[in-house]
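Asks: Sequence:
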Amino acid sequence: MSGWTTRFPELARRTLLMGVVNVTPDSFSDGGRYGDKDSAVARAFELVDEGADILDIGGESTRPGAAPVALSEELRRVVPVIEAIARRGISISVDTTKAEVARAAIEAGASIINDVSAGGFDPGMLPELARQDVLVVLMHTRASPKEMQRGTWTYEGGVVAAVRRALGEAVEHAVALGIPRDHVCVDPGIGFGKTLSENLELLRSLRTFADLGPVLVGTSNKSFLGALTGRPVEERSHATAASVALSISAGADIVRVHDIRNMRDAARVADGFARSG
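Okay, so the sequence shown: first residue is 1 according to our numbering, each after it adds one.
The hints are simulated quantities; they were obtained by calculation from the structure and are not laboratory data. These figures come from a predicted structure and were not determined experimentally. A virtual CB, placed ideally from N, CA and C, is assigned to each residue, including glycine.
Label pairs and their in silico Cβ distance ranges: (1) D265 with P127: 40 to 50 angstroms; (2) V233 with T195: 13 to 23 angstroms; (3) E50 with V233: 12 to 22 angstroms; (4) V175 with L228: 30 to 40 angstroms; (5) G230 with V175: 39 to 49 angstroms; (6) R268 with R231: 22 to 32 angstroms; (7) L71 with G230: 36 to 46 angstroms.
Can you build the whole structure from these sequences, using the hints too?
Replies: Set out below in structure tokens:
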């Protein structure tokens, strides 16, 4: 497989939209709505019809405080969904930290592995991806979802420098194991072990990460938007649109969202400002 910019040449002119399909009972935004194969597949096709460039399928919630899911259960949730939607020729990402899930997902038709631990939770993940011909997203986090918001994390030199350093090391480790550099995309991990001010500082500084590869950002419906607006998760669409537009203006190449229809408009307007001229 070619790298990110060859696989998605539109990256040169606009932001990619990654649509989220959580095949889980407990995800913070849509947990339980698409917990069975049929509803998840229907939602996936709906997102594609609305303009998603990539579908991100997840079988384990990464919301703060979420408990880990057994390997067998995660496989049961995601593999049938991937098999069903892969027949449409859609670019499929799988949100997992487990090497065995990644392997099964790739066999089922996934072409992107989105690991919120950057390979840190399963030592077999990056070696497995080095054996596969897939694109990779490496995200920054400090702990598992169950633990990440329980304490206050210290970022030596400031959050931007610390996250940049950690992601740089993750990319170099992946490349050393045999993953082609142009196959790697990075995600600063908004909402993963960061305070409100740290999340905002990272969003202002997205171009700091541009030399590592395409930059993916996920702000959709997250708690920092609730902290800013006072609105519950089901009422954060406008706040998400604002964060998407600002992220693109700050340097995001891919935005990961739950609502493609409305966020597509926000992204196109932001692209018009950020990429024109």
